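A.B. asks: Here's the letter readout for the chains.
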Amino acid sequence: MSMNKRSKRKLLVVMVLLGMALASVLALTAFEENLLYFYSPTMVKNGEAPSERKFRVGGLVVAGSVERATDSLLVKFDITDNAESMSVEYRGILPDLFREGQGIVAMGAFNGQNIFVADEVLAKHDENYMPPEVADALKAAEQQ
Amino acid sequence: MIKKIWAWIQRFSSPKHFYAISGKLIPWFAVPAFLLGIYGLYMGLFVAPTDYQQGESYRIIFIHVPAAWMSMFIYIVMAISAAIGLIWQIKLADMIAAASAPIGAWFTFLALVTGSLWGKPMWGAYWVWDARLTSELILLFLYFGYMALQSSIEDQRTADKASGLLVIVGVVNIPIIHYSVEWWNTLHQGATVAKFDKPSMHIDMLIPLLVMALAAKLFYAAIVLMRARNEVLYRERNRQWVRDLVKKL
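Residue numbers (this note's numbering), protein chains in the order written: chain A, 1 to 144; chain B, 1001 to 1249.
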């Protein structure tokens, strides 16, 4: 069997890999914005979020900002990316992981008063896994 | 020297030789896979501590994470095998790729289903179209595409070439799956274990997870050898050594 044919096939495989890598980089860069699942409050402040349609915002629920209505499912809270923050309003049942300091993603749009009215709120879990005792110990150490 | 190595590779990778050796290897993978799987499941589901945020629901990771890792690992094995089959025309490599595809597809399916079942109580949705979930779904379609090509082309050599090329083209999806959580904002959380930093997981949870991951690798090794043996027998069915083998039964 000739070396030449084998090198040709090697070249083919390498070219396919390089071509695909290049095509993917170009496609992913072109669609960058559409691949974002949510915008951060900073991006929203900078006007990067779309204004003509609904979009998602994500951030941490600001501690002490959650206000629940007593007569309905209305909840108001602020979210932050530790640089900018914004107010969110939602009417409905929140996921189990929704709590102060937890990451959430809300889908909706701004009303006239600069409040983001969400019609869906999802909880974003972080990558940390530990038993409750360890979490308590960490919190205690932080307060000292 | 190179000629000698080449001759050795060709003899070792001959389907007949592989058939004899692999039969002896299977129990060495299957038995530890079974024992580690039982141990890992018991440790993960009953012994590992409850999570501070997610409670008991987090225990799905002992299935979900190994399944997701395997879905990518098996795809890489297939891509390497397909490249070896294409370039050096080693038939055994194509058979390994063909034998791996359904196993990889099942692991991908398992990762998607377990993730979805966890997503409802934790996130509040069974499915979202974020970059991680979408790229993993594309991986499932790549497996389906490979299997469809394999079974729809009559001539085995053409089938191996076409489907092998598809697997190699699709390998670009693997880094996209892995880095999707870093490159874009996703609902799926970032990496807990597979990162340069130390794992963000308590050691009593991490050990059962790694045990399950090892069990899944060994399980794959055992199953892929079994399936590759069937593939060998089927593809070499007109050869004398297979006929002799059948006569002995």
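Some clues are possibly wrong.
If we take Cβ atoms under 7 Å as the criterion, some of the chain B residues that face chain A in the derived model are [stated by the list, open to error]:
| no. | residue |
| --- | --- |
| 1 | V1031 |
| 2 | A1033 |
| 3 | D1051 |
| 4 | Y1052 |
| 5 | M1122 |
| 6 | T1186 |
| 7 | Q1189 |
| 8 | H1202 |
Here are some chain B residues the structure puts well away from chain A; computed CB gaps all over 10 Å [unchecked claim]:
| no. | residue |
| --- | --- |
| 9 | P1027 |
| 10 | F1029 |
| 11 | F1034 |
| 12 | G1037 |
| 13 | I1038 |
| 14 | P1049 |
| 15 | V1077 |
| 16 | L1086 |
| 17 | V1113 |
| 18 | W1123 |
| 19 | L1137 |
| 20 | G1190 |
| 21 | M1201 |
| 22 | V1211 |
| 23 | A1222 |
| 24 | K1248 |
Taking lysine-lysine and the PhoX-like style, the derived pairs with C-alpha atoms no more than 25 Å apart in a straight line are [what the hints assert, rightly or not]:
| no. | chain 1 | residue 1 | chain 2 | residue 2 |
| --- | --- | --- | --- | --- |
| 25 | B | K1024 | B | K1091 |
| 26 | A | K8 | B | K1247 |
| 27 | B | K1195 | A | K5 |
| 28 | A | K8 | B | K1198 |
| 29 | B | K1003 | A | K5 |
| 30 | B | K1004 | A | K10 |
| 31 | B | K1198 | B | K1024 |
| 32 | A | K45 | A | K76 |
| 33 | B | K1091 | B | K1003 |
| 34 | B | K1016 | B | K1161 |
| 35 | A | K10 | B | K1198 |
| 36 | B | K1198 | A | K139 |
| 37 | A | K10 | B | K1247 |
| 38 | B | K1120 | A | K5 |
| 39 | B | K1004 | A | K8 |
| 40 | A | K76 | B | K1120 |
To be clear, the hints were calculated from the coordinates, so they are not data collected in a lab. Quick caveat: nothing in here was measured; it's all calculated off a predicted structure. Virtual Cβ for every residue (Gly too), placed ideally from N, Cα, C.
A.B. asks: For the hint on D1051(B), does the least C-beta distance to chain A fall short of 7 Å?
C.D. replies: Given a least distance of 6 Å, the restraint on D1051(B) holds.
A.B. asks: Decide if the proposed pair is consistent with the structure: K1195(B) and K5(A), CA atoms, cutoff 25 Å inclusive.
C.D. replies: The given pair, whose Cα atoms are some 40 Å apart, is violated under the 25 Å limit.
A.B. asks: With 10 Å as the threshold, tell me whether V1077(B) passes as away from chain A on beta-carbon distances.
C.D. replies: Check passes; 16 Å lies beyond 10 Å.
A.B. asks: Given a cut of 7 Å on the nearest C-beta pair, is the interface hint for H1202(B) held or broken against chain A?
C.D. replies: 4 Å, holds
A.B. asks: Measuring Cβ to Cβ, find out whether P1049(B) lies farther than 10 Å from everything in chain A.
C.D. replies: Its Cβ does come within 10 Å of chain A, the nearest being 3 Å, so this is violated.
A.B. asks: With 7 Å as the cut and Cβ atoms as the points, is A1033(B) at the interface with chain A?
C.D. replies: 25 Å, violated
A.B. asks: Assess, step by step, whether the Cα of K1004(B) is no farther than 25 Å from the Cα of K10(A), and give holds or violated.
C.D. replies: Roughly 22 Å separates the two Cα atoms, so the pair holds.
A.B. asks: Please settle this one: V1113(B) was flagged as non-interface, so is its CB more than 10 Å from every CB on chain A?
C.D. replies: Check passes; 18 Å lies beyond 10 Å.
A.B. asks: Taking 7 Å as the limit, does the beta-carbon of M1122(B) come near enough to a beta-carbon in chain A?
C.D. replies: 6 Å, holds
A.B. asks: Just want to verify: A1222(B) was marked as not at the interface with chain A; is every Cβ pair farther apart than 10 Å?
C.D. replies: 29 Å, holds
A.B. asks: CA of K10(A) to CA of K1198(B), is that 25 Å or under?
C.D. replies: 38 Å, violated
A.B. asks: Is K1004(B) close enough to K8(A), meaning Cα to Cα at most 25 Å?
C.D. replies: Within the cut-off at roughly 23 Å; holds.
In summary, the structure is inconsistent with hints 1, 2, 14, 16, 18, 20, 21, 26, 27, 28, 31, 35, 37, 38 from the numbered list given earlier, while agreeing with the others.
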